[in-house]
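Enquirer: Sequence lines, in order, name chains A and B. The first sequence begins at 1 in my numbering and counts up by one. The second sequence begins at 311 in my numbering and counts up by one.
These are computed hints drawn from the structure, not numbers from a lab. All C-beta atoms in this analysis are idealised placements derived from N, C-alpha and C, irrespective of residue type, glycine included. Treat each hint with caution, since some may be false.
Unchecked claim - Short derived list, chain B residues pointing at chain A, Cβ under 10 Å: (1) SER348; (2) PRO502; (3) GLN524.
Claimed, not checked - The following label-pair restraints were derived from C-beta to C-beta distances: (4) B/SER373 x A/PRO302: 57 to 65 Å; (5) B/ALA467 x A/GLU308: 46 to 54 Å; (6) A/LEU248 x B/PRO612: 46 to 54 Å.
Chain by chain, the residues run as shown.
Number of protein chains: 2
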Amino acid sequence: MSVTFATATAPASVGNAAVGFDLLGHALSAPADRVTASRISAPAVRIASISGSRHALPLDAGSNTASRAVMALLEAHRIDVGIELTIEKGIPLASGLGGSAASAVAAVVAASALLELDLTPEQLYPFALAGEAVASGAAHGDNVGCQLLGGLVLATADRLVPIPVPEGLTAVAVHPDYQVNTRDARQCLAEPFDLATVVAQSSNLAQVLAGCHQSDIELIRSGLADVMVEPRRAALIPGFAEVKRAALEHGALGASISGAGPTVFGWFVDQAAAESAGRAMIEAFADAGLVAEAFVSPVAAPGARIVEIG
Amino acid sequence: MSVTFATATAPASVGNAAVGFDLLGHALSAPADRVTASRISAPAVRIASISGSRHALPLDAGSNTASRAVMALLEAHRIDVGIELTIEKGIPLASGLGGSAASAVAAVVAASALLELDLTPEQLYPFALAGEAVASGAAHGDNVGCQLLGGLVLATADRLVPIPVPEGLTAVAVHPDYQVNTRDARQCLAEPFDLATVVAQSSNLAQVLAGCHQSDIELIRSGLADVMVEPRRAALIPGFAEVKRAALEHGALGASISGAGPTVFGWFVDQAAAESAGRAMIEAFADAGLVAEAFVSPVAAPGARIVEIG
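Could you put together the complete structure from these sequences and hints?
Expert: Below you can see the structure in the form of structure tokens.
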């Protein structure tokens, strides 16, 4: 008997990871989005419901990241079936935690299981990417890649490259109750970048990648800073400088904006340091008048997975 | 009895390595510069002679990369001795093969041995860098770093990070008899770079670094291309497009400008491929009216070393 429904979860993620704009990201163990894909008789992709979000999300299948991702999957595989999606948003909207990507990822993972296609994360990647592009206006894999594979991932145009990280490396992502529009955050990147800034940022990227591969904490500490994008976006987040300082004062190897913000993240050598920093970062947001919550997670957190099938 | 002279060689190198402008470079097994440091009674750094160069190089100790590097070393260690340098240039001038860096590197390695200081490559790095800055107008370690350590090296402001490469990885560097002025080559980088170009180049850098660490040839092939600097400098090198095409048609994983040019390099999975491509690249330069010579070398070529001491 064939599968009639499949439910997948996809984790939130830290996009850009300070040094790999649009390229690098890592999964978080929480929060997550959850999508159920069920067969329906009508030959179309539909959204049954979206729950868990305070904000209205498009129920129109052509405008929603999850349904668009599934449509791309069906089209590429020339499969003419009807699928209904039930979306449970666990990731706050416009938080910089990759929420739109996670819905697309959970949807293609669920649809692939429903259709018994047995596709690898890399095979699902272009479809999740196509879905996420609906929300962000451009296809970039920094969130989608790590949400599919788990851990820290380099997502190129057509490949997902897992990047090993030192044992125990832990992130905290502190999300304030405040919205930064992704398109606004991109607008401040329209002006070009001078060579010195690009070289400094490339040096940081290279140090983080070499440090992760060589399990060299000091090299990661030396590189984990965004000297290119963060200076232009910092002003969009109330209290950013103080929240970052709180992270660094509590042992962060580096701290920066997650995705387009307003979430601020840091990396730490262990969970205790991340938890202590998280509390200080929440306080710093409070000083700026914002209520915030902290998510502590291994950088090598698991990726999307099927949680129910029937 | 104390040492009275020491002779060191430092290899040519491929600066930038296509994806790491000012940051990444690798040594070549040939050509090399050779510097002898000898004790003299006068408390000064002097240049006895410079041989092997068709072009006049400054004999004034304050203007020469080798002597300036030794002066920086003596100053930092508060050593008040006289040293005379004999410089044998094996690396063609203004070739993009790191010749001015190599003289500085060989000089500090020789001086360190002469003074029995027993300094590590990383301890010698700031002095060689200070020397090289005299010639290039700025301190950047892409040549100096790999010439000191050997192999492929990420050179940050204060660290040398060896990057492992796949077994057998071989470079060819093809040097035409033509000069590109380093300062001219920098001038065309004055205009800033748009975000899309920077992200594409960062993706290439990340792929090459991950590919080298993970010994993944296809990842290196996918990343080894300069989409940022090369397009602006290519026109400074007669026949560049044809020479690059010859490399790629003969199996290069990627090919680009070495340093500021005019040398063009490629990376290959083995020596046979590099040799065959080298011949084709020499022919392509000939079609552009230039006589060229090819240097084939492991990417993991050895760094500077003492060859004589007494």
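Enquirer: So, for every hint listed, does it hold in this structure?
Expert: Structure-based check of all given hints:
1. SER348: 37 Å, violated
2. PRO502: 4 Å, holds
3. GLN524: 8 Å, holds
4. B/SER373 x A/PRO302: 57 to 65 Å: Holds, since B/SER373 and A/PRO302 (Cβ atoms, about 59 Å apart) stay within the stated range.
5. B/ALA467 x A/GLU308: 46 to 54 Å: 52 Å, holds
6. A/LEU248 x B/PRO612: 46 to 54 Å: Cβ of A/LEU248 to Cβ of B/PRO612: about 40 Å, so the range 46 to 54 Å is violated.
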